Amino acid sequence: MKTFPIGGIHPSDCKEYSKSAAIETFPTPATVTIPLSQHIGAPAVACVAKGDRVLVGQVIANAGGFVSSPIHSSVSGTVVAVEPKADAQGNKKPSVTIAVEGDEWVDTIVRGGALKKNINLSKEEIVSKISQMGIVGMGGATFPTHVKLSIPAGKKAECLIINAVECEPYLTADYRVMLEQGEKLIVGARILAKAIGVDKIYIGIENNKPDAISHLQQLASAYVEVEIIPLKMRYPQGGEKQLIAAVTGREVPSGGLPIDVGAVVQNVGTALAVYEAVMLNKPLFERVVTVTGSQLASPKNLLVRIGTPMSALIDYCGGMEGVGKVIAGGPMMGRAVSNVDAPVTKGTSGVLLMPTEESLRNVEGSCIRCAKCVEACPMGLEPYLLNRLTQLGDFEQLEHHYIADCIECGCCTFSCPSYLPLLDWVRIGKAEVMKRIRERAAAKK
Amino acid sequence: MDSQKLVISPAPHVHGSNDTRRMMGDVLIALLPALLVSVLAYGLQALVVTAFSVACCVLVEWFIQKFMLKGASTIGDLSAMVTGVLLAFNLPANIHLGLVAIGAVVAIGIGKMTFGGLGKNPFNPALVARVFMLVAFPVAMTTFPEAAGAVTGATPLAMAKEALKAGVPVGEVMESVDLVAMSLGMKSGSMGEISVVALLIGFVWLLCRRVISWHIPVCVLGTMALISSVAWLASPEEFMSPIFHLCSGGAVLGAVYMATDYVSSPMTKKGMVIYAVGIGVITMLIRIWGAYPEGMSFAILIMNSVVPLIDKYVRPRRFGAVRNGK
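So the protein sequences, as listed, match chains Z and Y. For the first sequence, this note's numbering begins at 103 and goes up steadily by one. For the second sequence, this note's numbering begins at 106 and goes up steadily by one.
Hints were generated in silico from the structure; no laboratory data involved. Predicted model, so just to flag it, every value in this text is computed and none were measured.
Cβ-to-Cβ under 8 Å is the rule here; a few derived chain Z residues that face chain Y:
1) 353
2) 426
3) 436
4) 462
5) 471
6) 481
7) 484
8) 515
Pairwise CB distance ranges, derived in the manner of DEER restraints:
9) Z:405 x Y:174: 54 to 62 Å
10) Z:396 x Y:327: 42 to 50 Å
11) Z:536 x Y:348: 54 to 62 Å
12) Z:539 x Y:327: 42 to 50 Å
13) Z:313 x Y:411: 49 to 57 Å
14) Y:318 x Z:104: 21 to 29 Å
15) Z:423 x Y:149: 53 to 61 Å
16) Z:496 x Y:411: 19 to 27 Å
17) Z:334 x Y:133: 28 to 36 Å
With the Cβ distance kept under 7 Å, some of the chain Y side facing chain Z (calculated, not the full set):
18) 115
19) 125
20) 223
21) 368
22) 422
Yeah, the Cβ is synthetic: ideal placement off N, Cα and C, and Gly gets one too.
Next comes chain Y alone, as it looks inside the complex (with noise of 0.2 Å):
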């Protein structure tokens, strides 16, 4: 019998149905109806900024691997893509094309490519790129334009802040903030962050396909909750109620999309909650105390700084470790 033509090769000789592909095509899928009411929302122009924004990145991506590594390029694993579109979640709708372009280079070119490309970058690349231009066009990154329905067009925690800085008692606040409204989409903020219910369902679908687990999101929302929940009970005249908190500004987009990178969040489930309840923390600290309304995305960074530390010394459950005593 003919033997010559057989593969030979070591077992397993069968695989599953991970894929980094279709991993990276849930991830977009789960973020379509935050786009949907993105579009809804801000009209078409968010589409745009959404489709310029990954195409600059899927560009970059490919520009520096064939030019400048010239090695094979990688971009047929989507995960350009899925920096292009969060990093345009992050921003305006209004936002001028070339600041996106600009974003783009710096969450592809320093977030990404300088580490090795992916699977090596500590920060998260889209995050890398927000903060970055956060910094760089603080004007620009932080003039929303008016959402349908949307009352006015500075973003909740925004005004929240400045009137409680102003001495204005939260009662007053909140009677300019409808949570319901707030939750749905109608609020003014990165294209991205406004429906809270949106991001939900994206989160559902990517439970659902396994390609994350429920411990980061859980955790960090769960951590802020608790957090805000202490400080309002403590002082409900100082202190934005809970509900607000989780539902305004970055915290579900933050939770659910950017903390869950897989590269740049811890290896175990102990260290994801470690590295979860951390940047609820900061989130916190940094919305309540700090200069800035919103402190998600300072708070994850932090965090997968420490992601390193992280694994070095949270180790998965051993089989057979307890009787060993090693």
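If we strip away everything but chain Z, and leave its shape as in the complex, we get (with noise of 0.2 Å):
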């Protein structure tokens, strides 16, 4: 069975919460916050103020550039206000903040009706659709679809991948949405692969999840370009390097992108959310959230208005009882929460929350140059030498070491046996090294 080439670890999966629990419908709450940045790129801008009512599906802030995405009111109802909010780590962020009133959505989105397969428009037309419809990678990268989408100059797409991986322990939406919405899925794929002009599809899957893949693979039988490749379970499969090794078994160069070996990449969410922008003209305003933990008393998986805070879903699910910290993603890379009362995002898959034993970190010891975390970087790296010339502030000896190449899977920290935050500061040194690589660049131009 294929996996990606170096490194890795076994992280136990902590599924089988949330697992079994079908998507569920979650209530639209009276009021919702909308940050106008949730995506990499410029913040949107908004296009509403006080006052104004706004309809489900409406654009309430335009894209603010290229690499930006627009944004929808994910609700009907008044705007109360346009101002900066504190997002999930306290930080205020502009918003656009909306009372809710009723349940009325934008006509021209085509809501029920059965499954649509034939794609009419064109490349350049579904990519200006995606652009329109505010679609973003939904992994939790955030980077705007259209621009995935615009191949460069030069170079050639030959594959489209999409990424059914979910390697992040108890995150379960995905899966949730290849067992439901699988044939959308599908279609989904189709009008990305003909986006990029390429007509092979492969959906990679880790083998802990059987039924997913047992059932796409019925599925995707009536569709000769798309081959569902099951893949041995290893954390970080689902980055996006790992995955198109994997699969394809070419490595994305060091500083290059997937493109440069003829991939792109695409998570099952993202593509979900192109069959409901294309076909039904629906913008992306909501998104299935898992909402799990091993202390909660029903963890559940739910389709969640873009807005909607994070502790109406917590509450929703049993509550606060026993939480130490909550994280939003998974527990490999997702962010730690000081505000549970910030808004569900584009880029929110999961809402985990960690019992409070679990929330602590133990004391860390001295290196014992086990290799460890050698041995567990998916991308070659040194990790304890990479921790060891970021506290000496050894920058230039960073670079020559591939720091840039870091993509901050947590490996490294995972695998340490004296409990070493090693990502912590390889972060640091990435961040600076990063910077010194911008300002070298700007200072040649």
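Put the two chains together into one complex; each comes in its own frame, and the hints tell you how they fit.
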């Protein structure tokens, strides 16, 4: 069975809490707070003002540039504020707050009806529609999808890879989408393939989801260009570079992009959103969020309107009893939340509640040179060395040892028997090295 | 909702089962079969020496941290205990306890703490002490008690070396050596060296628990087997057989438990192979042509000193490096 070439770890997948919970529509809250920057790139620019009436799916902020994405209202009601609101980390970010009245959708959105399979739009029309509908990468990186679909001059896409790995422990949102909306997902993938002009689609799934593999294999038998690739379970297989290597055997060169090896990768949630955007004219204003944790009364997979406070989801699933840490995303790469009233955004794949006793880190010891971090690093770096060089502030050496290649997957910290916060230091070193690389590039111009 | 008491820390938010204390504990467990054989062969004396050595090592580390460094004690990580057992395994069972105490001071005090404690020592602390004692107390270190069932008090390696020097043909030397008995532990030698089988059981345990990888032990023993085979096949009258070499002396103890010391071995698999082959070569050079019958300790210490160089030049295989041409 296929997998990526070097490093990796085997965290326990902890998906049993929520994997059998079918996707449930979360009731629309009384107010939503929709941040204007839910993607990588320039923040969107608000085009509504306090007092305006908005409908579900109406544009409330326009893209702030090419690498940006418009924002749509997830509810119908009245705009009560356009001002900075605290995000999950407590930082104030420009947001639109809407008081909900009814549930009135923009009339161009197709609701209900049979699955639409025929793709009538041209390449350019697809990309433009995806851009207008505010689609961004929903695996967590939130890179605007239309940018990823615009192949740079001189490069050629050869295949589309659907990232159905969901290698983060606990999360099951993509898994449920595969089981419940499998065919929409496949049509979404075909739309994406048409947009980049390829006729080969791989869907990479880890073998801890055998039912999703067999279900999609069955659905894919009707489409010759779609191939399901079962992968050996190993974290971080859902990392873009790791997935491409696992599926195609090609390695994205150091400092390069997936397109350098002819691959474009899109996540399961994104493919579903693309289907809805292109076939149903539905902008990205809701998403599936896994709300889970070992001490939670009823972990669930919820279809949530963007802007719904995370605290509402937590209350709905059993509350904060015994919780020491809240994580937006998975336990390996997700971010700790300080403000649980912050809204669900386009990139929120999960809300994970860690029990108090699992929330604190162990006391760090000293490096015993066991090389577990070197063995675990999927990029073939030497985390122990990067850790030390960052502490010494030797940024030249850090660059020389390819710190810029780090994908921040956390395998090193996870593996360290002395509980050293390796990735914390590597992040600091990497940020400084990246800054220096950018400054050098700017000076050259 | 109350956000005040939430823990905030960067990802990752979960940790694997690796833990220094657990890994050191696994090494101690792996050494138990060999300790058992040692007690069967030499009686309670073996247990007394091992326990005393462990106690001394732990005490020295605690004393230095408490009274000289005035810092927190790290004896809980069990690494001092491992050093204690390994030191004892490198000593004859009838050694005077006073010498054991001196060995512990050298191992922990000089071999480990002078460099900054766990993780900082360039040489294997137990071996530093063993070699120090071998030079300082040569008679006490090479006079072995008779093991139950063993033929004589000299080690097979020392016997063979003396006999070969005196011009006795290998065939006659081998007559006095029972390889099966040797591998089970019925031979004279340092406490931990006597049973190859017991040591290999521990090796399997360490592999199963993923404490060490196969690279260093297999490459050390493989290199020794290769060199001794070539010599033996070329001139069976002059050189001992490869099986004799692998079963005798500290070959297995060194390859599995001493050369694999995390702190003083390389960080990459490729580096480990280079380091292990080096140990195998040096050991055989000393055994065949050197003045000492046993060369494992010296070989490991010499290769320990090369580790920083190996780590500087041998890098892990980097993802995406091939096409980049950097």
